[in-house]
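Visitor: So the chains spell out like this:
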Amino acid sequence: MGLAESILLTIATAATPLLIAALGELVVERSGVLNLGVEGMMVIGAVCGFAGAALSGSPWIGVLCGVLAGALFSLLFGVLTITVATNQVATGLSLTLLGLGLSGLIGESFVGSPGLRLPNLYVPGLTDIPLVGRLLFGQDPIFYISILLLIGVSWFLFRTRTGLTLRAIGDSHASAHALGIEVVAYRYAAVLFGGACAGLAGAHLSLVYTPQWVENMTAGRGWIALALVVFASWRPMRILFGAYLFGAVSIGQLHAQALGVGIPSQFLSALPYLATVVVLVIISRNRRLTMMNTPASLGQPFVPER
Amino acid sequence: MRFELVRRPERSALFSALSPFLAFGLTLIAGAILFALIGQNPVNALYSYFVEPLTEIWSLHELAIKAAPLILIAVGLTICYRSNNWNIGAEGQFIIGGIVGSILPVLYPEFQSPLVLPLMLLMGMVGGAVYAAVPAFLKARFNTNEILTSLMLVYVAQLLLDWLVRGPWRNPGGMNFPETRQFDAQAVLPELFPSSGRANWGIVFALVAAVLAWLMLSRTLKGFEIRVMGASPRAARFAGFSAKRMVFFVFLLSGALAGLAGISEVSGAIGQLRPTISPGYGFTAIIVAFLGRLNPLGAVAAGLLLALTYLGGEAAQISLGVSEKVARVFQGMLLFFVLGCDTLIHYRIRRVAQAIAPSSITDTPAASSSEAAALEAGGTGGAR
Amino acid sequence: MFQGCHKNRQTGLGEQQGLQGLDARVSSQGDRLLQVEGLTKLFGTLRACDGVNLDIARGEIHALLGENGAGKSTLVKMLFGSLEPNVGTILWNNQNVRLTNPAEARKLGIGMVFQHFSLFEALTAAENIALSLDATTPLRATADRARELSSAYGLPLDPNALVGDLSVGERQRIEIIRCLLQQPELIILDEPTSVLTPQEADKLFETLERLRAEGKSILYISHRLEEVKRICDRATVMRHGKVVAHCDPRQETAASLARMMVGADVKIASRGEGTTAGEPRLVVRNLSRKPANPFATALKNVSLSVRGGELIGIAGVAGNGQSELFEAISGEVLQDQAETVSIRSRPAGRIGISERRRLGAAFVPEERLGHAAAPRMTLSENLLLARHHTDRTFAGKSGLLHFGAVKRAAQRISQAMDVRKSGDDPEASALSGGNLQKFIIGRELDRQPAVMVVNQPTWGVDAGAAARIRQALVELARAGSAVLVISQDLDELFEISDAIAVMHHGELSAPIPIAEASFERIGLLMGGADASGHATAAA
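Residue numbers (my numbering), protein chains in the order written: chain U, 1 to 306; chain W, 1 to 384; chain F, 1 to 539.
Simulated from the structure, these hints should not be mistaken for lab results.
None of the values given here were measured: they were computed from a predicted structure.
Cβ atoms here follow ideal geometry from the backbone N, Cα and C, with glycine treated the same way.
Among the hints, erroneous ones may be present.
As the list claims (entries may be wrong) - Reference excerpt, derived from the structure (chain F facing chain W, CB under 7 Å, subset only):
{"hint": "1", "residue": "Asp-134"}
{"hint": "2", "residue": "Thr-137"}
{"hint": "3", "residue": "Gly-352"}
{"hint": "4", "residue": "Arg-376"}
{"hint": "5", "residue": "Met-377"}
{"hint": "6", "residue": "Leu-385"}
{"hint": "7", "residue": "His-389"}
{"hint": "8", "residue": "Ala-395"}
{"hint": "9", "residue": "Gly-399"}
{"hint": "10", "residue": "Leu-401"}
{"hint": "11", "residue": "Gly-404"}
{"hint": "12", "residue": "Ser-432"}
{"hint": "13", "residue": "Gly-433"}
Using the sequences and the hints, build the whole thing.
Guide: So this is what it looks like as structure tokens:
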């Protein structure tokens with residue numbers, strides 16, 4: 001396996017959780033809800049994924065646990081922001097804080113225990129094709145799920161009627177309500193989907209990327225996923241680009257550290273975070289672009305008159 | 001039967017006062033369930049969390065030490081959030097405050113003067129403020145989301161501190177441990193009552209900051225400006241208040257307070273720089289700010305309560321062998337319940353019977369409406 | 001007193017008999033499409049609708065009249081399934097129905113054209129239409145059908161245009177086409193002409209008459225009495241949540257209809273003695289402004305001058321740059337050159353709203369809650385909002401606030417403007433629209449401003465408050481101030497202005513003295529006719 005191939009493979013592995021979590025959040029925000037709890041849901045997904053795999057002995061059951069835990073955890077956010085109409089920013093923040101605390105507690109007994117890794121795909125013949133075989137047919141299963149999700153979310157949002165309705169709710173929940181659209185039901189579904197995606201992204205971290213449990217192992221990836229949604233100006237395909245860009249930055253700095261370039265490792269580790277800031281600045285400078293694409297009711301509480 | 005929210009014509013003063021207590025009560029109940037789930041006697045566990053640390057003098061000192069940074073940061077965040085600016089990078093500003101404030105004792109230990117400590121505190125505040133100015137500038141100039149930028153800078157600050165204490169600032173005589181030299185006595189924040197415990201001047205800074213912030217918010221034009229900005233940005237513009245200047249004002253202020261908390265912690269409770277100087281004070285302070293209902297005086301009470309969960313966590317780990325991580329779960333739950341209960345300030349919950357039998361056509365309108373009134377009275381009675 | 005009209009008497013018995021008498025007459029004609037009995041809706045303790053009876057026959061245009069806050073919107077929301085009544089029955093084709101959702105109402109054949117449009121700005125016209133149709137209709141087919149209908153009814157429409165880019169008139173067309181595509185038997189229109197020019201309204205009436213000829217029924221909600229008299233077959237009048245009269249509007253005068261709606265004679269602001277105008281106090285020279293956001297209107301070379309003692313009105317359909325002009329004059333948005341706006345002969349284009357207030361100007365924006373006032377702040381705090389920079393008694397140089405003085409001033413203003421409020425110093429959002437608007441106007445009048453600029457002074461305000469506000473504006477001008485009133489309500493402008501200028505696509509016409517102005521002439525300008533060309537045509 002060549003160096004270039006292995007670098008590309010690691011980039012894909014680093015980008016996959018970002019892609020999945022950002023796609024989930026994209027759907028949530030398209031429905032007009034801002035969930036800042038991605039980091040919390042992701043870390044819950046990571047710990048439950050790891051625990052599920054460790055206890056059952058099957059990494060697939062681990063993945064399932066991660067997805068379910070993420071969705072269940074997002075339900076908490078949904079109840080508060082959708083039913084009780086709390087401030088979405090504050091509630092999302094508290095979801096992250098609770099998630100980080102709770103995951104530490106759940107994962108305490110798993111710290112340092114050996115993890116299970118989800119096996120990579122192997123298709124005899126195809127995977128062995130030189131150069132592209134591993135890239136196309138030899139990655140971990142969640143990578144393929146992330147690509148299917150990308151296609152599915154794009155198709156859903158822009159080709160289906162339900163997707164149209166979801167976008168309409170994000171544009172104006174008042175108008176949607178006046179037309180008799182079930183705003184609350186749609187938003188619950190979107191929030192749960194976002195939670196499941198964040199849970200899956202977390203499970204990828206603890207079952208593929210680094211198959212072990214370390215406290216706070218998401219290390220801000222949930223926040224980077226949130227930034228990716230802004231970066232992509234709420235378009236799924238642009239998330240793909242953003243996620244792989246960030247994957248490249250984080251893998252690049254790891255390789256630079258390994259090569260022992262004369263820069264302190266901490267500075268290299270800070271690169272993905274600084275890159276996020278730079279990218280956000282570049283994208284938000286274009287006000288017309290952000291204004292045209294931001295769901296107009298994003299973050300606004302909705303209480304129908306009755 | 002279902003429940004629905006009905007907007008109150010005016011905010012409820014009763015629930016405004018009651019909400020934090022209600023939230024705390026619900027947290028206790030949820031905590032009891034949590035303890036029962038992990039096989040602890042809920043009563044014992046809650047006792048060692050919330051009562052035991054209050055029974056001894058030295059432990060009250062520890063409470064003050066933990067509460068001081070929480071209150072200082074939360075007061076700044078309170079003002080920030082009241083103006084609808086979301087600085088969630090206080091943890092990073094805390095760290096930078098600690099770093100910049102430590103320049104004198106670490107790099108110039110030979111500089112001996114009574115001015116050292118005041119200079120350190122000042123530099124800590126400046127450091128925190130400058131670090132907070134970055135997301136403020138990006139928001140004011142480029143309209144960049146301040147939540148994401150201020151948070152990203154937390155990770156950068158953590159890595160910077162890590163590099164400093166492992167690299168250039170490492171104590172030359174420290175056996176390769178990743179830490180700076182111990183501060184000289186002049187550079188250490190004095191203890192208040194050294195005979196009874198460790199509490200230092202940090203808690204005094206916190207209380208003074210809280211009172212000043214409260215006076216500003218409630219009595220001055222600047223405070224009014226902050227409140228209008230948060231309540232209705234467009235009305236604030238109509239009032240002639242500048243949103244951009246406000247971003248800088250609240251970010252610099254909250255950054256300075258977080259920086260002060262950082263250097264107070266480093267020069268008081270720790271006495272040197274280490275790779276980690278905060279058990280997440282900057283994030284816990286977000287909880288404190290909300291639990292204090294975005295009121296600076298409320299932040300004092302909330303800061304003390306959250307400090308208690310830190311202490312209780314340590315106490316419970318020793319006496320019951322419960323993980324100290326339970327404390328962070330407590331903090332998270334508390335914030336959730338506060339947010340939920342705060343809804344009651346602006347809304348009341350009404351129980352509605354699902355099906356309303358249509359009155360028959362022969363009903364006189366008068367009779368029908370009295371029926372409706374009875375229905376409504378029953379509904380509201382149930383909620384209140 | 002009211003010929004041809006069954007007016008409710010005070011006694012409940014008389015009321016019942018009167019209404020039943022009318023019911024009998026209608027049902028004897030047969031063909032009753034919709035019948036509403038004793039419909040009641042409560043919001044907290046407020047009876048938004050109180051035992052409302054209404055019936056609509058096939059093929060009639062039925063007017064629903066009433067002031068702002070009389071309960072009209074609540075009633076139609078119940079008919080459209082957006083709100084559920086607490087008590088009462090709805091009969092559709094003599095069948096008892098329960099409408100819990102707009103989708104059910106649509107399925108029965110009830111369509112609705114909303115007042116505050118229920119459209120999605122980020123979506124195209126076709127997507128907007130598709131959202132209210134059956135889930136089975138494919139998007140492309142929807143666009144085609146919309147195009148067919150739009151040409152059939154003479155309502156031009158581009159299905160692929162983003163709604164956010166469209167004018168209010170075009171948006172209304174989308175709403176109407178969306179409604180017609182559902183092939184409704186009853187079409188509810190809520191204040192449809194409030195966003196149209198008189199000429200556009202005429203076209204709408206043609207469409208409505210055509211629909212009536214096809215046998216459709218129309219429930220037409222309006223407070224414009226002349227048009228109700230012109231096109232409606234019957235009328236139901238509401239006041240304070242109750243039906244107070246059923247009548248034939250053609251047999252009534254506008255004054256008698258107004259009396260039924262308001263419950264008292266409606267005052268017309270007296271224009272007073274036409275004083276000779278003084279020096280120009282507010283001057284705008286060649287004001288141009290790029291759109292601040294993708295959906296905003298650019299201002300093109302706007303010039304105007306208002307002299308002391310003069311009240312100038314600016315007419316125009318919503319969204320033609322009025323808000324942008326207001327922001328530029330108020331100083332919420334600064335100009336490039338100081339001379340672009342002058343207040344009392346001092347260049348003010350580069351100074352902000354607070355400094356412009358100090359020059360003696362006062363401003364009242366269109367949006368009451370969230371622009372003129374912070375909804376969740378008290379009245380006294382909202383007084384401080386606009387006066388902290390001009391009144392040293394409220395906020396001293398030290399930056400300390402004197403809440404006592406502010407509260408006393410708020411009381412004084414409330415008394416002067418007859419603001420009815422629940423408590424001593426309630427939150428702004430707790431007041432009715434009319435009372436809050438009186439307070440907001442009073443907050444500025446209390447300073448006796450030399451220049452007053454008001455955007456939509458009586459939008460959504462009850463008749464009593466509106467009359468009071470108009471009178472106050474006229475008196476301010478007569479006392480020597482320069483007053484500029486931006487309004488979509490032509491009746492209002494004709495009542496109080498000395499001259500009317502018209503805004504269209506960000507351009508402002510020359511003011512036309514009230515003696516030379518007519519509805520038709522102003523209406524043509526609102527529709528974009530060339531000012532000079534039609535000035536001669538109208539003359």
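Visitor: So, for every hint listed, does it hold in this structure?
Guide: Hint check:
1. Checking Asp-134 (chain F) against chain W: minimum C-beta separation of about 27 Å lies over 7 Å; hint violated.
2. For Thr-137 (chain F), the interface hint is violated, since its Cβ never comes within 7 Å of a Cβ in chain W; the closest pair sits about 32 Å apart.
3. Interface hint status for Gly-352 (chain F): upheld, as the beta-carbon distance to the closest one in chain W is roughly 6 Å, under 7 Å.
4. For the restraint placing Arg-376 (chain F) at the interface with chain W, the shortest Cβ-Cβ distance is roughly 6 Å, inside the 7 Å limit, so the hint holds.
5. A cut of 7 Å between beta carbons decides the hint on Met-377 (chain F): the least distance to chain W is about 6 Å, and the hint holds.
6. For Leu-385 (chain F), the interface hint holds, since its Cβ comes within 7 Å of a Cβ in chain W; the closest pair sits about 5 Å apart.
7. Taking 7 Å as the C-beta cut-off, the interface hint given for His-389 (chain F) holds, the closest approach to chain W being about 6 Å.
8. Satisfaction of the interface hint for Ala-395 (chain F) is found here, the shortest Cβ-Cβ separation to chain W being roughly 5 Å, below the 7 Å cut-off.
9. A least Cβ separation of about 5 Å between Gly-399 (chain F) and chain W falls short of the 7 Å threshold, and the interface hint therefore holds.
10. Below 7 Å, beta-carbon pairs count as interface contacts, and Leu-401 (chain F) has one with chain W at about 6 Å; its hint therefore holds.
11. The beta carbon of Gly-404 (chain F) is not positioned within 7 Å of any beta carbon in chain W (closest approach about 12 Å), and the interface hint is therefore violated.
12. Proximity of Ser-432 (chain F) to chain W is violated relative to the hint, the smallest CB-CB distance being about 11 Å (cut-off 7 Å).
13. The interface hint given for Gly-433 (chain F) is broken, as the beta carbon of that residue sits about 14 Å from the closest beta carbon of chain W, more than 7 Å.
In terms of the numbered hints stated before, the structure departs from hints 1, 2, 11, 12 and 13, listed from lowest to highest.
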